[in-house]
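Chain order of the listed sequences is B and W.
In terms of the numbering used here, the first sequence is residues 13 to 568.
In terms of the numbering used here, the second sequence is residues 13 to 568.
Check each hint, because a few of them may be wrong.
No distinction is drawn between identical chains; accordingly, a pair holds when it is met within one copy or between any pair of copies.
[Said to hold, decoys possible] Okay, derived cross-link-like pairs now, EDC-like style, lysine to aspartate or glutamate, Cα gap no bigger than 16 Å in a straight line:
#: 1; residue 1: LYS556; residue 2: ASP50
#: 2; residue 1: LYS315; residue 2: ASP425
#: 3; residue 1: LYS71; residue 2: ASP369
#: 4; residue 1: LYS31; residue 2: GLU471
#: 5; residue 1: LYS315; residue 2: GLU497
#: 6; residue 1: LYS282; residue 2: ASP35
#: 7; residue 1: LYS71; residue 2: ASP156
#: 8; residue 1: LYS51; residue 2: GLU365
#: 9; residue 1: LYS57; residue 2: ASP402
#: 10; residue 1: LYS291; residue 2: GLU365
#: 11; residue 1: LYS238; residue 2: ASP187
If you are wondering where the hints come from, they were derived from the structure by calculation, not from laboratory data.
Number of protein chains: 2
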Amino acid sequence: MTQNYPSAEQAHNFPLIIKHLLDRSRMTANEEEIVFSDKARMTYKQFFKRIAKLANVLKALNLEKGDVISVMDWDTPRFLESYFAVPMSQYVLQTVNIRLSPEKILYTINHAKPKVLLLNSEFAPMVKDYQFDNSSIQHIIWLDDDGVKCEDVMPERQSLVVGEYETLLDKASDDFYFEDFDENAIAVTFYTSGTTGNPKGVFYSHRQLVLHTMAVASTLGTLPQKQGVVLGDVYMPMTPMFHAMAWGFPYMVTMLGLKQVYPGRYSPDKLIHLMETEKVTLTHCVPTIVQMILDQAQKEGKKFNGLKMLTGGTRLTEGLATNALSSGIEIFTGYGMSETGPLISVTEFKSNEADMDLKDDVKRRCLSGKPVIMVENQLWDDTGKLLANDGAEVGELVVRAPWLTQSYAKNSDAGDELWEGGYMHTQDIASIRADGWLQISDRLKDVIKTGGEWISSLEIETILSLHPAVADVAVVGIPDEKWSERPLAVMVFRSGFEDTNPKDIIALTEQAAEKGLIPKYGIPEYYKIVEALPKTSVGKHDKKVMREIYANHSAN
Amino acid sequence: MTQNYPSAEQAHNFPLIIKHLLDRSRMTANEEEIVFSDKARMTYKQFFKRIAKLANVLKALNLEKGDVISVMDWDTPRFLESYFAVPMSQYVLQTVNIRLSPEKILYTINHAKPKVLLLNSEFAPMVKDYQFDNSSIQHIIWLDDDGVKCEDVMPERQSLVVGEYETLLDKASDDFYFEDFDENAIAVTFYTSGTTGNPKGVFYSHRQLVLHTMAVASTLGTLPQKQGVVLGDVYMPMTPMFHAMAWGFPYMVTMLGLKQVYPGRYSPDKLIHLMETEKVTLTHCVPTIVQMILDQAQKEGKKFNGLKMLTGGTRLTEGLATNALSSGIEIFTGYGMSETGPLISVTEFKSNEADMDLKDDVKRRCLSGKPVIMVENQLWDDTGKLLANDGAEVGELVVRAPWLTQSYAKNSDAGDELWEGGYMHTQDIASIRADGWLQISDRLKDVIKTGGEWISSLEIETILSLHPAVADVAVVGIPDEKWSERPLAVMVFRSGFEDTNPKDIIALTEQAAEKGLIPKYGIPEYYKIVEALPKTSVGKHDKKVMREIYANHSAN
């Protein structure tokens, strides 16, 4: 049908590629700053030159289009440069999750098969025993902030090292023409640290990253200024850049030409110091980091002056949100995962909303938000039937958006499962209100199936955590012949509360059931007091391990 | 290179089509309102149903994909419904510019060849003599707010009328499944009212409209709340919906789920009344309408409470901007044209900018803005050489962006000219500062070429307009054997100033030349006092006509 409207021969068919995220800032932000902790600062003008220099360094390695280049680094401007130079040169960037165990890190590198590794000297010990001779890695670019040389750590790998990053850039030309190419070319890959089996690689095309960037800028940009992104913001990440592309923020703020601050390795005092000295207004992190920052600020007797903070990854509790707000942090929630770009949902605020008391405001900030533009959320039951968005029906959240990973790398079975039925399965159990508010209640695999009903473990955990004796708690389903599963509460006591009778804690759920807040079969049938809960590499409760350990608890 | 990352078989390959602009509002905005002047109001929920109903009405006409459907209407929710239902049904929407002369209107309809015409009864007289029997139009859908029937106006066309819009919708099912399809399908077409020759048809694909919507939302959304778009805004257009898709705002605000107010036919008292009663916070219009609104508000003794207003189309003068600001309007400038989507540049404000005195603030609001994200602006001289963005060099503004018309409909010669050299030629003369600020100084064809130099007619006009006697002024180049062209000032006197000596006015340019503000050869060599300046259909000075009329003025 488009034959009535042919394009002019020389009309520019604009591809959605990462290079074009720089279009606006190239024209408007040349004098804006990008800061590396207390170590260095540069202007965008210099940044653009360094992207060209890095591209020339990579070009000299005679790689092929589509070759993978892996980066192991803290949050640095170097990492930001690789976010751009690598995919803009038509290579695929692997951001290596250095929080995984050394074995899993090596697994992800073996799986992605990079030809080049940008390696921070601090991480060299982790990979020094890697079988480089049999590996895909042909070149190492040495990243270092501490004067450590490759020969100091792994002299046997010295032959692979092309050079030290800054030295290479110094010598490289800053003249590089980045061509246009197919927007569907893959730009980045990284691995999810799932609790089951080996990490799985997600991947994103240029088009997907550009659309995620534009959609997130539209969604966060149109929030009121108190919470939303605005020209003039100063950005600092507190979610690592190896983790889901730091939630897409570096691309967004570079597109907008905002001042950026990269803290290197995180430490609470350094983060707070940089917030102060660089006047940071915009950040994002997981709740664990929020707590860390709040503790540090309290220790230093400091408050935050309206710092805008998006949290996600795990549930933001109302207690933590209240503390953050009272410390001057505008905290709110984003929802997503490695597979979803990642951001697909974010707390909504409106300029014309009625005054809200603190309790309701906190509650709203702890929900899982409303959809980012161009995102379609649905709830399905376990047969794939569409459920109602009425705030009551509970099912698996399935999603469509223009930027979801289209499969897993070299794992088409898992990819097919991910996309079964044409929607992406989040494996999160949720309800959606008629006005679009999303509430995640559990991971699908952590739901406790008892007597044909589903119980949200998170709900029960929340109730148990209200007891002063409880420092940490997880509720898992353990096999039961009659009911299929029954809930077990695994609890850690706060010091000084060791004498507490666990039954007094369980009683809280009985009261909740009497009030109709949870179903009666949600009252934990069993409990177990432990020193610490098993955790995954990213610090989440490892319920898979708990289910294994306590599988026979009922028989004990 | 993407073969390493194949998509899962059932992975959803999300097309950028207009239907998906509704994804967020379908989930979040069901209870938000869309208002039609004082006549009617509905919720988004009803709006979604009406889109489905309109699609069913059109489906019953057995059209083919790609068929054109033309709309002649004021700014109504009906028009908004056609913005969605027509392209979502894979037809092409022609928004007919009813401000053109009847002959040119018919030209555009003859050229676009619609099979269906949605016709407001008020415009029926304009098209009643159209040769319907020989035309492409097979069906007319009658739009009416005044109880006028087709048989009252053009009984001879009654046989073409399918029915009255509301009656048809009442009878139609609200169940319609909009399929996904190729995002490059053409969605809309409309005609530029160029001063030379016949109107030319620009056209946009679904992908282009979606990307324009996202880019504009990102750009306006990340402005500070005082000027930018925010959730909670109430929108009313004051640029007609037939004119460059009302600058893309209806798509943007629908995507965001904002309350919308459609005023029908514009009249200043009605617009101000609706602003008040519906609490409008966001609008856009040409400077002529700004003046009209200010005059009306003054008459009624009213002020505006921070109404955000984007202006464009013609230059915003500092005088008008000052008046608007002092009346409580947050006025600023967007730049673009029918060929550019239209928005490619907009005034920048930052949350952290230093305090600015009124004069500087006004000046900045009257510049042509900074680029919308994903827009690349360049300046070329007349040989296609790239000029510097230094605020000094002056050349033609050429552009790349993901949403520029790729040619003109059925006019490939003009399309080739538009895209000569791979950038879109705006035919506007501009300078760009090192920090990205764009300043349009003239239309390429209105530039006066004298002694090998270019003189901006707008600059000279601005100076002459400072004289109290001048009500309206245009400066055009007239042929000169020695200098190629020399400037002629055509002026209209304000009543009561008829006795002014024109030389006293010209003297202002002499003073400006002495101060070095304009070149000496910019002083008008000739002048002419007239009753009124020739204008185009959209109210701009028709300099082409003036150049023709006064071609021999120097010889007179």
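* State whether the alpha carbon distance between LYS315 and GLU497 is at most 16 Å within one copy, between copies, both, or neither. => This pair counts as neither: shortest intra-copy Cα distance 46 Å, inter-copy 67 Å.
* Homomeric proximity label, LYS57 with ASP402: Cα distance no greater than 16 Å -> This pair counts as between: shortest inter-copy Cα distance 15 Å, intra-copy 51 Å.
* Asked: How do LYS31 and GLU471 come out at 16 Å by Cα distance, when the copy is not named: within, between, both, or neither?
  -> Result: close neither inside a copy nor across copies, 45 Å intra and 37 Å inter.
* Evaluate LYS238 and ASP187 at a C-alpha cut-off of 16 Å and name the case that applies: within, between, both or neither. => neither (40 Å within a copy, 40 Å between copies)
* To do: Have a look at LYS556 and ASP50 and pick one of within, between, both or neither, based on CA distance no larger than 16 Å.
  => Neither, since 41 Å and 61 Å both go past 16 Å.
* Asked: Is it within a copy, between copies, both, or neither that the alpha carbon of LYS71 lies no farther than 16 Å from that of ASP369?
  -> For LYS71 and ASP369, the Cα distance exceeds 16 Å both inside one copy (58 Å) and across copies (50 Å).
* Asked: Quick one: LYS282 to ASP35, C-alpha cut-off 16 Å, is that within a copy, between copies, both, or neither?
  -> Neither: 32 Å inside a chain and 41 Å across chains, both beyond 16 Å.
* Asked: Given identical chains, is LYS291 near GLU365, meaning Cα to Cα at most 16 Å, within a copy, between copies, both, or neither?
  -> The answer is between: 14 Å across copies meets 16 Å, while 29 Å in one copy does not.
* **Alpha-carbon proximity between LYS51 and GLU365, which holds within one copy, between copies, both or neither at 16 Å** => neither (43 Å within a copy, 26 Å between copies)
* Intra- versus inter-subunit Cα pairing at 16 Å for LYS315 with ASP425 -> Classified as neither; 49 Å inside a copy, 64 Å across copies.
* 16 Å Cα threshold - placement of ASP156 relative to LYS71 -> This pair counts as neither: shortest intra-copy Cα distance 22 Å, inter-copy 65 Å.
Checked against the numbered hints given earlier, the structure breaks hints 1, 2, 3, 4, 5, 6, 7, 8 and 11 and satisfies all the rest.
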